[in-house]
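Student: Now for the letters of each chain:
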Amino acid sequence: MSSSTTTGRPQFNGSMRFLHWLMAAMVLTMLGIGVAMVASLGNYHLLVSIHRPLGIAILIVVVIRFVNRHFSTLPPFPPTMSSQERFVAHASEVLLYTLLFVLPLIGWGMLSAARYPIVLFGSLHLFPILPHSVMLYAFLRRTHTILAYLLFLAFIAHFGAILFHTLVVRDGMLSRMAPWRARAR
Amino acid sequence: MPSDSIAPTEEQSAPLTGRSRLVRLGGVGVVILCVVGGFLYLGGWLSPNALTPGRFVDEFERMGGIHSGFRRNHAKGVCVRGFFDSNGQGARLSKAVVFRPGRVPVIGRFSLGGGDPHVTDDLSTVRGLGLQFSLPDGEEWRTAMVDLPVFPFKDPRAFYDNLLASQPNPNTGKPDPEKMAAFAASHPETVQALAIIKSHAPSSGFDNAAYYSLNAFRFVRADGASTYVRWTLVPVQPYGAGTGASQDKNFLFDELIASIHQHPLQWRLLMTVAQPGDPTDNATILWPEGREQVDVGMLTLDSVESEETSPARDINFDPLVLPAGMAPSNDPLLSARSAIYSQSFTRRAGETKEPSEITPSEVRK
Numbered sequence: 001m002s003s004s005t006t007t008g009r010p011q012f013n014g015s016m017r018f019l020h021w022l023m024a025a026m027v028l029t030m031l032g033i034g035v036a037m038v039a040s041l042g043n044y045h046l047l048v049s050i051h052r053p054l055g056i057a058i059l060i061v062v063v064i065r066f067v068n069r070h071f072s073t074l075p076p077f078p079p080t081m082s083s084q085e086r087f088v089a090h091a092s093e094v095l096l097y098t099l100l101f102v103l104p105l106i107g108w109g110m111l112s113a114a115r116y117p118i119v120l121f122g123s124l125h126l127f128p129i130l131p132h133s134v135m136l137y138a139f140l141r142r143t144h145t146i147l148a149y150l151l152f153l154a155f156i157a158h159f160g161a162i163l164f165h166t167l168v169v170r171d172g173m174l175s176r177m178a179p180w181r182a183r184a185r
Numbered sequence: 001m002p003s004d005s006i007a008p009t010e011e012q013s014a015p016l017t018g019r020s021r022l023v024r025l026g027g028v029g030v031v032i033l034c035v036v037g038g039f040l041y042l043g044g045w046l047s048p049n050a051l052t053p054g055r056f057v058d059e060f061e062r063m064g065g066i067h068s069g070f071r072r073n074h075a076k077g078v079c080v081r082g083f084f085d086s087n088g089q090g091a092r093l094s095k096a097v098v099f100r101p102g103r104v105p106v107i108g109r110f111s112l113g114g115g116d117p118h119v120t121d122d123l124s125t126v127r128g129l130g131l132q133f134s135l136p137d138g139e140e141w142r143t144a145m146v147d148l149p150v151f152p153f154k155d156p157r158a159f160y161d162n163l164l165a166s167q168p169n170p171n172t173g174k175p176d177p178e179k180m181a182a183f184a185a186s187h188p189e190t191v192q193a194l195a196i197i198k199s200h201a202p203s204s205g206f207d208n209a210a211y212y213s214l215n216a217f218r219f220v221r222a223d224g225a226s227t228y229v230r231w232t233l234v235p236v237q238p239y240g241a242g243t244g245a246s247q248d249k250n251f252l253f254d255e256l257i258a259s260i261h262q263h264p265l266q267w268r269l270l271m272t273v274a275q276p277g278d279p280t281d282n283a284t285i286l287w288p289e290g291r292e293q294v295d296v297g298m299l300t301l302d303s304v305e306s307e308e309t310s311p312a313r314d315i316n317f318d319p320l321v322l323p324a325g326m327a328p329s330n331d332p333l334l335s336a337r338s339a340i341y342s343q344s345f346t347r348r349a350g351e352t353k354e355p356s357e358i359t360p361s362e363v364r365k
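Listed in order, the protein sequences are those of chains A and B.
Residue 77 in our numbering sits at position 77 of the first sequence, with consecutive numbering throughout.
Residue 21 in our numbering sits at position 21 of the second sequence, with consecutive numbering throughout.
The shape of chain A in the complex, shown without the other chains (with noise of 0.2 angstroms):
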């Protein structure tokens, strides 16, 4: 697939930007039960029981990602953007990648040490990935809190990043991951 049309703005290909589209909702969805479940007594179970599987969902989505990025054309980075503002796009790409992927491994793996059942739906439910230990399991609880942090920090840099390009510096920045086909002005 191409990154752009000779007729359009540089854009990400249809796959990468339904990919993204669709990692930007569960993400979004996912921080959100997360901060109010630890914090919930009545809607507790329900929204841990939405947790588990979404976060799940989304290690399969991120490794789908990951593969499909590589076998996809990227367009180039706008002229806007200086070579720190590049270096720093890229950095924070990285990282989000890495939180994405790091972050439901670790919930998968603080449940497996507490010895929880890792129930997705009904009686379908995955196998533990470590040993039966309460110390491990506290460590690693703590880990998916911190890097749970970190990753809505990340989200809102990029956030702000794209809504600082798109409406103060005017470059169509958006344009190059909307879902609708982005045209030349």
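By construction, these hints were calculated from the structure, which means they are not laboratory data.
Idealized CB from N, CA, C, for every residue including glycine.
Mixed in with the good hints, there may be bad ones.
[Claimed, not checked] The following residues of chain A were derived to be distant from chain B, with all beta-carbon distances above 10 angstroms:
| # | residue |
| --- | --- |
| 1 | His20 |
| 2 | Met23 |
| 3 | Phe101 |
| 4 | Val119 |
[Stated by the list, open to error] Estimated spans, in silico, between C-beta atoms of each pair:
| # | chain 1 | residue 1 | chain 2 | residue 2 | range |
| --- | --- | --- | --- | --- | --- |
| 5 | B | Leu46 | A | Ala24 | 17 to 27 angstroms |
| 6 | A | Val94 | B | Gly173 | 54 to 64 angstroms |
| 7 | A | Phe18 | B | Gly138 | 28 to 38 angstroms |
| 8 | A | Ala24 | B | Lys174 | 52 to 62 angstroms |
[What the hints assert, rightly or not] If you want the footprint, here are the derived chain B segments under chain A, 3+ residues with CB under 8 angstroms:
| # | stretch |
| --- | --- |
| 9 | 29-41 |
| 10 | 52-62 |
| 11 | 126-139 |
| 12 | 325-338 |
Since the structure of chain A is already known, use the hints to place chain B on it.
Tutor: Just chain B now, with coordinates in the frame of chain A:
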């Protein structure tokens, strides 16, 4: 990774004037603030007085102290193993694998209510039994029961308010009678539940006590039909009222250990089936007499172990670890119990494990 080449000819929008740039920058800031605010709202940071699992466990810790590595409630305990023989009758109520005819291994823990892991045994202290059934398909059923036929509080708020009202006065060492009276006046369901509890004299030991699920659960059959049930473990060991004669600190646990060394202990698992209109969301109310009871099988506990050597110490007997075919009812206590048990589990998990009151040598006697 993206190449650094310059993008194809692309029209730039005309630069903004200083003022309009500032307005747009402000707009970006407001949007970011709204997202952060929404996140803080969801996480409960904007409602500091809301009841959360953390605040609940804080209250348990204030009442019972923090004892490193121990449960924040039902801290004193001993672990057991055995099995459950299902007679197949439960399949009438639920498709859960545990109700197919056959035997599944069980691990569990007997406990006394309260946050002190070294408390002196007393007949009037609430006794608990947590069980984990390991099903052949890898699913689990966990349940945490007590020897009370009803629970004194209808929801987590009532439970929490009672914890606050029963705080001992630092001068007298006793709860403030006025606060207790005010709580009772505003919670008639608690007064009624306590009357039911008082009418059941506690048995002489762990082994001849009945244990109750308290909350209702929704059972789903293979054909999709669902019913509400509560369950009871009814001891095969004959009931005997406690005399309270023993002054020994661990007499309840020592008698349990001696008893299980003599012969395996057994309980029948009875499912009480609700009729339409029976309250499923209020554990303070007994269902009417004469409700159908289905005997679904026999629990046998045949070995006992100190917490220090048993994996049961590190199991959270979360009442919402349920196999397919069993689901929570609309009782608000259930989700709250799950949340609070998890909070207690997470706190104690990372702490150094101090010796249990019931030591490995005590269990071998």
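Student: Look at each hint and say if it fits the structure.
Tutor: Hints versus structure:
no., hint, result
1, His20, "holds (14 angstroms)"
2, Met23, "holds (17 angstroms)"
3, Phe101, "holds (17 angstroms)"
4, Val119, "violated (8 angstroms)"
5, B:Leu46 x A:Ala24: 17 to 27 angstroms, "holds (24 angstroms)"
6, A:Val94 x B:Gly173: 54 to 64 angstroms, "holds (60 angstroms)"
7, A:Phe18 x B:Gly138: 28 to 38 angstroms, "holds (35 angstroms)"
8, A:Ala24 x B:Lys174: 52 to 62 angstroms, "holds (57 angstroms)"
9, 29-41, "holds (count 6)"
10, 52-62, "holds (count 4)"
11, 126-139, "holds (count 3)"
12, 325-338, "holds (count 6)"
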